[in-house]
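Student: Below are the chains, spelled out letter by letter.
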Amino acid sequence: MLNQLLKPVLERLPENNWLERLWILAKVDFWKRYYNSRLGVVWAFINPLMRFVIYFFFFTYIYENRIPEFGFYLFSGLIFWMFFSEGTVGAINVYNSKRYLLESIQINKFDLNLASAFSSLFGFLFNFTAYFLIQIAFGPPITWNALFIPILMINMFIIILGLGALLATLNIYLKDIAHVWDIVMLAGFFTHPIFFTIEMIEGVIPIAKYLSPMVGILFNSREVLVYGRLPDMGLLVYDLLYALVIVGIGIFVSRKYSHKVLEKI
Amino acid sequence: METPEVIKISDVHKTFRVADRASDSIRDTIFNLGSKGQLHTIKALQDINLSIKKGEFVGLIGHNGSGKSTLMKVILGAMRPDKGGIIQTQGKIILLSLGLGFDPNLTARENIYVNGSLLGLSFKQIGQKFHEIIAFAELEDFVDTKVKYYSKGMRTRLAFGVGIHAETDILMIDEFFGGVGDINFKKKSDAVFKDQLLAGKTIIYASHQMEPLKKYADWVVLLHEGKEVTRGKTEEVLPVYEELMKKRAKERRELREAKK
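Chains as they are written, first to last, in numbering that gives the first Met the number 0: chain U, 0 to 264; chain B, 0 to 259.
Rather than coming from a laboratory, the hints here were simulated on the basis of the structure. Possibly wrong hints are sitting among the right ones.
Quick list of simulated restraints, FRET-style, between CB atoms [what the hints assert, rightly or not]:
1) I141(U) x N104(B): 37 to 45 Å
2) I204(U) x V17(B): 41 to 49 Å
3) D181(U) x N104(B): 20 to 28 Å
4) V179(U) x E137(B): 16 to 24 Å
5) H39(B) x L18(U): 40 to 48 Å
6) Y256(U) x S121(B): 28 to 36 Å
7) F15(B) x F109(U): 22 to 30 Å
Cut-off 20 Å, straight-line C-alpha distance, at most; resulting in silico cross-link-like pairs (EDC-like, lysine to aspartate or glutamate) [unchecked claim]:
8) K108(U) x D194(B)
9) K31(U) x D102(B)
10) K82(B) x D10(B)
11) K91(B) x E102(U)
12) K31(U) x D143(B)
13) K128(B) x E19(U)
14) K259(U) x D81(B)
15) K52(B) x D143(B)
16) K123(B) x E102(U)
17) K259(B) x E242(B)
18) K42(B) x E262(U)
19) K26(U) x D102(B)
Some but not every residue of chain B turned toward chain U, in silico, with C-beta under 8 Å [to be verified]:
20) M78
21) R79
22) D102
23) F141
Note that the Cβ used here is the ideal one computed from N, Cα and C, for glycine as well.
Please put together the full structure from these sequences, using the hints given.
Tutor: Set out below in structure tokens:
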């Protein structure tokens with residue numbers, strides 16, 4: 000399915016071995032995540048939908064709130080957050096799972112990080128398509144401001160790539176980083192404006208939007224998508240710069256410390 | 000015209016530091032702050048110098064743990080030598096060792112594309128080589144079967160097929176044929192080695208089996224406890240190796256008796 004969708008694009012690109020390499024690595028990663036199950040890639044649609052139903056039930060009937068367009072607010076927040084958490088969690092084990100290649104071929108480890116981030120991006124695109132179709136059918140009207148979504152997507156991709164390289168390298172030395180990151184993601188879920196508004200978290204932590212780039216990205220994604228407004232430009236630029244710092248640190252740490260991968264794992 | 004050098008390594012040392020209680024989790028790191036556990040230093044490679052020319056067939060011999068595999072991983076670049084060591088290689092390298100190189104959850108087709116692509120081939124080139132590889136590995140009926148369902152022999156054939164057909168320049172083979180492959184496959188790999196020499200591929204072959212080395216190796220290096228003992232023609236080095244093995248067996252025996 001993914002093949003058919005992207006084939007025309009790939010065929011038009013000039014023959015580029017590096018792009019092909021990233022493509023095959025990401026594809027294989029993506030396949031392994033979904034194709035081993037009976038419903039395959041359909042899970043990429045069902046999973047966010049089911050999560051949405053559960054959270055929507057809870058936050059509408061049990062724990063009431065007054066956020067306008069709450070259903071779409073929550074649903075879009077969930078798929079953006081899932082992109083972030085699945086992307087970083089999936090990156091942790093990437094050197095380990097590609098050990099078989101590292102031991103037999105000369106490869107650039109950064110390609111592995113890139114491919115892992117692309118694989119999460121594929122997953123996000125499936126989720127996002129599902130969301131987008133539902134909003135067109137039942138939701139608030141989509142405006143031209145939705146064109147800011149690709150920028151937010153690229154922004155998240157860079158963050159996932161940087162954190163992924165960092166976490167994968169840490170995982171060589173500290174194997175329980177996966178458990179730690181699990182808790183960090185749980186904390187993140189309850190401190191980021193996913194089912195509440197940015198004002199609510201700023202009431203508790205006034206500088207929240209400067210601490211985590213995901214706060215601003217979640218806020219802006221709702222502005223442009225659910226409410227059809229322009230994004231907060233200052234925050235947009237701030238988060239892009241933040242992402243570049245993260246990816247810089249990730250690449251630096253990975254270059255300097257990831258060479259011990261075969262000795263430690 | 001002089002044959003160009005494709006592998007040059009000088010002053011290569013590789014030391015592993017292994018603690019009895021290695022801290023590889025946060026809990027261990029905290030609890031082991033005071034007591035480090037017994038720290039072992041394993042000198043896996045000591046002062047190795049090699050210069051290998053294009054098209055040469057070089058054998059590596061030595062007992063288990065003598066440093067053969069570490070040396071190959073260092074040449075591949077998968078492990079970094081200690082400070083000061085220099086590794087220079089030219090061309091595409093593949094290291095074939097038992098059971099490695101493939102993701103068991105992918106099919107032969109997918110594995111060939113992943114491997115080929117990482118070796119620098121385009122999808123088009125892999126497509127052209129694909130049937131040669133499958134035919135060589137005799138896996139026509141199992142192209143879309145996951146590699147985890149393959150027998151050891153099938154995996155070996157597939158890896159060897161990729162290694163020789165994927166336009167690699169340097170082929171490193173680590174104990175690869177140990178105990179697998181029927182007579183037909185032995186014949187086939189024999190034929191490959193003969194042809195490979197003509198094709199100009201550089202081969203480094205580590206093995207306990209002396210037959211291929213006697214037949215094809217231009218020269219062999221004998222390693223013992225990470226150090227080079229001697230190098231030369233196989234028939235010259237072999238007696239030294241056998242002597243070393245006897246001495247080692249005797250030492251072990253004495254050690255065992257001393258413990259009693």
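Student: Taking the numbered hints from earlier one at a time, note which ones the structure violates and give those numbers from smallest to largest.
Tutor: 4, 8, 15, 16, 17, 23
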